[in-house]
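Heads up: the sequence lines are chains A and B, in that order. Residue numbers for the first sequence follow my numbering, so the first one is 1 and each next one is one higher. Residue numbers for the second sequence follow my numbering, so the first one is 1 and each next one is one higher.
For the record, the hints were derived by calculation from the structure and aren't laboratory data. Be a bit skeptical, because a hint or two may be false.
List of simulated lysine-lysine pairs, DSS-like, C-alpha gap at most 27 Å [as the list claims (entries may be wrong)]: (1) B:K105 / A:K120; (2) A:K127 / A:K78; (3) B:K3 / A:K120; (4) B:K4 / A:K123; (5) A:K244 / A:K186.
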Amino acid sequence: MAEILKVKELRKEFGGIVALQGVSFSLESKHIKAIIGPNGAGKTTIFNIISGVYSPTGGRIWFKGERIDSLKSHLLAKRGISRTFQNVQIFGNMSVVENVMVGCHPWSRSEFLACIFRSKRAKVEEKRIYSRAMQLLEFVGLQDKANTPASNLTFHQQRLVEIARALATGPELILLDEPVAGLNTKETRQMGELICRIRDMGISILLVEHDMDLVMEISHEIVVLNSGKVIAEGSPREIQNNEKVIAAYLGEEEGFAKSEKS
Amino acid sequence: MGKKNLYSLAALAGVVLILPPIIGNPYYIGVLVFVGIYSLITIGLSLLIGYAGQISLGHAAFFGLGAYTSGILSTRFGLSPWLGVVAAVFLTCGVAFIIGFPVLKLKGHYLAMATLAFGEIIYIVFNQWAEYTGGPSGFGGIPNFSLGSISLESDTGYYYFVWGIVLLIIFLSLNLIHSRVGRALRAINEGELAAACMGVDISRYKLKIFVLSAFFAGLAGSLYAHFVTFISPGTFSVMFSIVLLTMVAIGGIANIWGAIMGAALLTVLPEYLRVFRDYDILIYGSVLLFIMIFLPDGLLIGIFHLFRRKENLP
């Protein structure tokens, strides 16, 4: 299996604070990998670096064999890396379908002049953008809400819009930052199914999540982070039985109970 | 562009067409020419502020650059006003590009201050570079436009000319708003982080919309110079930038139609308030206060809502 993403010795310092101290891991193509760890472990920092929001202090990142650790966000989106946000970042004053249409930006071309004069190519492209956006809204189950202002949706629906918008960029790798935080049990289950369907489309997924049941159920591999360092990496079963993880993250008693169960 | 906008455009075109015979008085038609010229600037500002979420307190300077370039070339170098317009627009865009490149890295109040400073610098240049600009007292004798043998000197002729351009600019701006680029600009306004992660090159788009809005202002400046035939720095001071901003705010920031209404109200109102003599400023201020307090979404949406509320009453 080919590696789609490889992170080596990634470091990030904010002033004097070291957020990441040499993090290395890799992601197999078409796999789901979860990054877990206690709050402040540096999970979102990794996402922000991979998606070009921050530049790393040290270390290297390869995506499909090419170095990407100095690229800006919009270029990474064009290369096929997309993401969602921990605190949902939808465009509230735009309609749901428009939100997803913004996601079509990386693969569409019409620039200012073409748009101002509504060239024939721009018109054709606009139709393609619209139908792709509608297709993705159907995929996440929001086709009925296409023309609703995005801010009027429920939190769960807003998360779905974010995922549809991220998919619209045509990604090969998608970073999901706590996709089920704040969702109820039923919504969490649906989201888990959706994530698996995204993987079935052939998209690799990197997932940051606190919901352990979901993580154990859907991910192929797990990386455990604690204070900016990888303390364990392996299959869900290996992680559940790893003593370091149990000590650092799951807490002694709960970890004990879990390892008993499995 | 939706059908609604197309109908609105047709309606506006109809109003533009029939107004002169109804009004008759050439002075008031002249006032409407100014409304058209200012509308060009406010449409550009609405795109920049309302859609892309950037601010400029320097648009009076772009307006002035257009006016002075066109005026100087046609008086001192005997260039045809038509070539003057082209030169004016190119120069304004060029300056906007050079200024916008560093300045648009700033946000919010800092961007406002930087553009304000730019406006002030250009204003000082107009005042001090007397050899060409005529200094504080300005210069006159700027020729009118003419189409072959037809002169656009008459107020009515120029009125149709200017408003034809305004209608065209509205049409093109609406095209832009309802397009891939328009969505990207709104996305930048709502969240730069998310927009960037969706592949929008934020700094390039900001720069381009800034240059486009300067293009509109430069064009307006040129049309102004060839209409009034006399220009002086006072017209292009920072104070006028603030008036332009007020026009956009009064109309409802993210709204092309509102931008035109704002320009119309703030241009026409002072004319009608003259009957109140010394109290005109007082009433002018009160009207602005009233609109800002009771119609915070702008004149257009505000009036729309007022009607809605009445309809909903039992």
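Holds or violated: B:K105 to A:K120, with C-alpha atoms at most 27 Å apart: Between B:K105 and A:K120 the Cα gap is close to 34 Å, so the pair fails against 27 Å, i.e. violated.
Restraint check for B:K3 with A:K120, where alpha carbons must lie at most 27 Å apart: 19 Å, holds
27 Å Cα cutoff - pair A:K127, A:K78: Distance of about 20 Å is within 27 Å: holds.
Pair hint B:K4 and A:K123, alpha-carbon separation not exceeding 27 Å: The hint holds at about 19 Å.
Pairwise hint evaluation, A:K186 against A:K244, where the allowed Cα distance is 27 Å at most: 32 Å, violated
Of the numbered hints listed earlier, those contradicted by the structure are 1 and 5.
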